[in-house]
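**Student:** Kindly produce the complete structure, drawing on both the sequences and the hints.
Top to bottom, those sequences are chains A and B.
Sequential numbering of the first sequence, starting at 1, is according to the numbering used here.
Sequential numbering of the second sequence, starting at 1001, is according to the numbering used here.
Treat the hints with caution; some may be incorrect.
Stated by the list, open to error - Distance condition first, Cα-Cα at most 20 Å in a straight line; then the derived DMTMM-like pairs of lysine to aspartate or glutamate:
hint	chain 1	residue 1	chain 2	residue 2
1	A	K22	B	E1067
2	B	K1141	A	E243
3	A	K23	B	E1067
4	A	K23	B	D1066
5	B	K1143	A	E100
6	B	K1143	A	D42
7	A	K23	B	D1068
8	B	K1254	B	E1269
9	B	K1143	A	D20
10	B	K1143	A	D45
11	B	K1141	A	D45
As the list claims (entries may be wrong) - The following residues of chain B were derived to be distant from chain A, with all beta-carbon distances above 12 Å:
hint	residue
12	G1131
13	C1134
14	Y1192
15	E1204
16	F1214
17	H1219
18	D1258
19	D1272
20	L1275
21	R1276
What the hints assert, rightly or not - Part of the chain A face toward chain B, derived, beta carbon under 7 Å:
hint	residue
22	S59
23	I60
24	A62
25	F69
26	L94
27	M95
Rather than coming from a laboratory, the hints here were simulated on the basis of the structure.
A virtual CB, placed ideally from N, CA and C, is assigned to each residue, including glycine.
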Amino acid sequence: MKPEVMRDLLIEDICLRMKDNKKIFFLSADFGSPALDQLRADFPDRFFNVGIAEQNLVSIAAGLGLEGFTVYAYAIAPFISMRAFEQIRISLALMGQTREVNVNMIGVGAGLSYDVTGPTHHCLEDIALMNLLPNISVISPSDATFMKDIVSYTLVNKKPSYIRLDGKALPRIYDQTAKPDFNDGFCQICKGEKICIVATGYMTHVALKTAEVLKNDGISVGVIDIYLVKSPDMDKLKASLNEYSIFVTMEEGFIRKGGLDALITSISSATPSPKPVYPLGFDDQYVFEVGDRKHLHALAGLGEDRIIEFIKSIN
Amino acid sequence: MEENSSNNTLLTPTLQEKCNWVRTETLKIHKIAPGIRVASALSCVEILVALYYGKILRFNPHNPSDEDRDRFIISKAHGSVSFYPILADLGYFPFDQLGKVGKVGSILGDIPDNSIPGYETINGSLGHGLGVACGIALGLKAKQSSRSVFVLLGDGELFEGSVWESIMFASQHNLDNLVLIIDNNRICMLDYCTKIINIEPIEEKFAAFGWKHFTADGHDIEELHSVLSAAKEQACSSPKVVIANTVKGKGVPKLEGDSLCHIRALKPEEIDALLREMQS
Chain A
1 MKPEVMRDLL IEDICLRMKD NKKIFFLSAD FGSPALDQLR ADFPDRFFNV GIAEQNLVSI
61 AAGLGLEGFT VYAYAIAPFI SMRAFEQIRI SLALMGQTRE VNVNMIGVGA GLSYDVTGPT
121 HHCLEDIALM NLLPNISVIS PSDATFMKDI VSYTLVNKKP SYIRLDGKAL PRIYDQTAKP
181 DFNDGFCQIC KGEKICIVAT GYMTHVALKT AEVLKNDGIS VGVIDIYLVK SPDMDKLKAS
241 LNEYSIFVTM EEGFIRKGGL DALITSISSA TPSPKPVYPL GFDDQYVFEV GDRKHLHALA
301 GLGEDRIIEF IKSIN
Chain B
1001 MEENSSNNTL LTPTLQEKCN WVRTETLKIH KIAPGIRVAS ALSCVEILVA LYYGKILRFN
1061 PHNPSDEDRD RFIISKAHGS VSFYPILADL GYFPFDQLGK VGKVGSILGD IPDNSIPGYE
1121 TINGSLGHGL GVACGIALGL KAKQSSRSVF VLLGDGELFE GSVWESIMFA SQHNLDNLVL
1181 IIDNNRICML DYCTKIINIE PIEEKFAAFG WKHFTADGHD IEELHSVLSA AKEQACSSPK
1241 VVIANTVKGK GVPKLEGDSL CHIRALKPEE IDALLREMQS
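**Tutor:** Here is the structure:
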């Protein structure tokens, strides 16, 4: 199967649901996609381009949410998560605690999806920022398999969410028929012996590649893909992690700042004999150099060879 | 459900009496809660009274989320403690709550939020109310509801850039069910707005952005009531704004005209003297 762009499949499914569900609105901060052209044409009364105005995007979405509508608010990931952070805090996180506000932000361009576009478009902070806010789910899928299920989940969950999507076409990790379990919020894709790699989004692809190479070298590592970054079933996740003695987290985000690594560290440190957690991601620096994703990863010490070498060193 | 608007000048004495009462109650609250922004709360008293006692808004204290209500968003939340006595008087919560503002376990804090019956949204931070109101106005149109959305902003709040994103959106989408009221008390926290960033003339700015604008003396209850009624009723295809020219700290000579009145707190004995004067 050829690589797919997650946003197009997500929007196609939203468009399909909008035919029967008149309560769905789709708002964009002047951000498009091929699939959005159809939605715009089919639903001119329920599609609004608010302009390059992410703050207003979130506020208007919240107002519609208060009136009982389900809203998808679509923008570039770093801009919706950071430009509109206070709107998210006030009108979704705070208000979502006392009112039903079904606003689902779709941020496209997670991590280094916009590699050559440069550091303003790199999104290395969003998981940590959304982790900070109560009452907001963070959905971080690694491939296009779950798109329909994400829409179903948001329609039933009826709470604010932040859906962070990779901007690039990615191959599938999961079988076409796989169903995400939104109670679990994670999936152990392969089991290993001593080391478990915990990853999300694009880095789950890197983790699986790493596991494959290591397997050929006789090292069996587990890979856990976390797609509800903030709210996995903690008991089940702890039980899965308990089978391992060393954890490596992989995220296209800053490390040691409250992202995915914080979740695994908090689980490990709460046990009587904490196990080591090695966070792999971006250290306390932005990336200015121009290059594709592979190049930028290598600069940050996330090149394939470096990761393999590192995991062998801790095995 | 309270009945809808009528422009009835017979209401004026009653409304004036209510304004005096709300000022008195606001000062009583200030005595137990010195941290409230009393000057800001005093400038919008007539606006709140006209909306809630002047039959401009439809509302239902027995069911604050009644679908058939007009929506009222107070974006200048910190300056709306004067709304507390009105909500208690109308039955949104028991009257004795007014004696507990800011106390442990009270439902009423120094800055209101939407956990209080009668408050639609949360607005302790400025620049959020109008955008949410635009979404509500859009939603009401989608439901083919004939209800309106009223929003109260302070003039200093116009410094927030997000407000202008919403102003542009409202006129682009002809949100004629939206009435924005500017409590134009002319003073921010540290100075007169004109000395900080001069946004005058406000009316012309709204006109340039495609809004229908009205101006009223924000302390002349008869004029204000008449203008607010007209703004609600006037059929036009654009959002409407009422610039209510007010005085920050209205009714308290010590606060009126003091450029730092936003952060002034009155001493208990000063409040007692004012209350005696107002009751005599």
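**Student:** So, for every hint listed, does it hold in this structure?
**Tutor:** The hints, checked one at a time:
1. A:K22 / B:E1067: 18 Å, holds
2. B:K1141 / A:E243: 55 Å, violated
3. A:K23 / B:E1067: Answer holds: K23 of chain A to E1067 of chain B is near 16 Å, not above 20 Å.
4. A:K23 / B:D1066: Roughly 19 Å separates the two Cα atoms, so the pair holds.
5. B:K1143 / A:E100: 18 Å, holds
6. B:K1143 / A:D42: 19 Å, holds
7. A:K23 / B:D1068: The hint holds at about 18 Å.
8. B:K1254 / B:E1269: This hinted pair holds, its Cα atoms lying about 13 Å apart.
9. B:K1143 / A:D20: Measuring from Cα to Cα gives roughly 16 Å; hence the hint holds.
10. B:K1143 / A:D45: Since the Cα atoms of K1143 of chain B and D45 of chain A sit roughly 12 Å apart, the hinted pair holds (cutoff 20 Å).
11. B:K1141 / A:D45: Satisfied, since the Cα-Cα distance of roughly 10 Å is no more than 20 Å.
12. G1131: Nearest chain A Cβ is 3 Å from G1131 of chain B, so the label is violated.
13. C1134: C1134 of chain B not clear of chain A: closest Cβ-Cβ about 5 Å, inside 12 Å.
14. Y1192: 26 Å, holds
15. E1204: 22 Å, holds
16. F1214: Fine: 23 Å to the nearest Cβ keeps F1214 of chain B off the interface.
17. H1219: 30 Å, holds
18. D1258: 30 Å, holds
19. D1272: 36 Å, holds
20. L1275: 34 Å, holds
21. R1276: Holds, since 40 Å exceeds 12 Å.
22. S59: 3 Å, holds
23. I60: 4 Å, holds
24. A62: Interface hint status for A62 of chain A: holds (5 Å vs cutoff 7 Å).
25. F69: For F69 of chain A, the interface hint holds, since the closest Cβ of chain B sits about 6 Å away, which is under 7 Å.
26. L94: With Cβ-Cβ at 5 Å, under 7 Å, it holds.
27. M95: Check passed: Cβ of M95 of chain A comes within 5 Å of chain B, closer than 7 Å.
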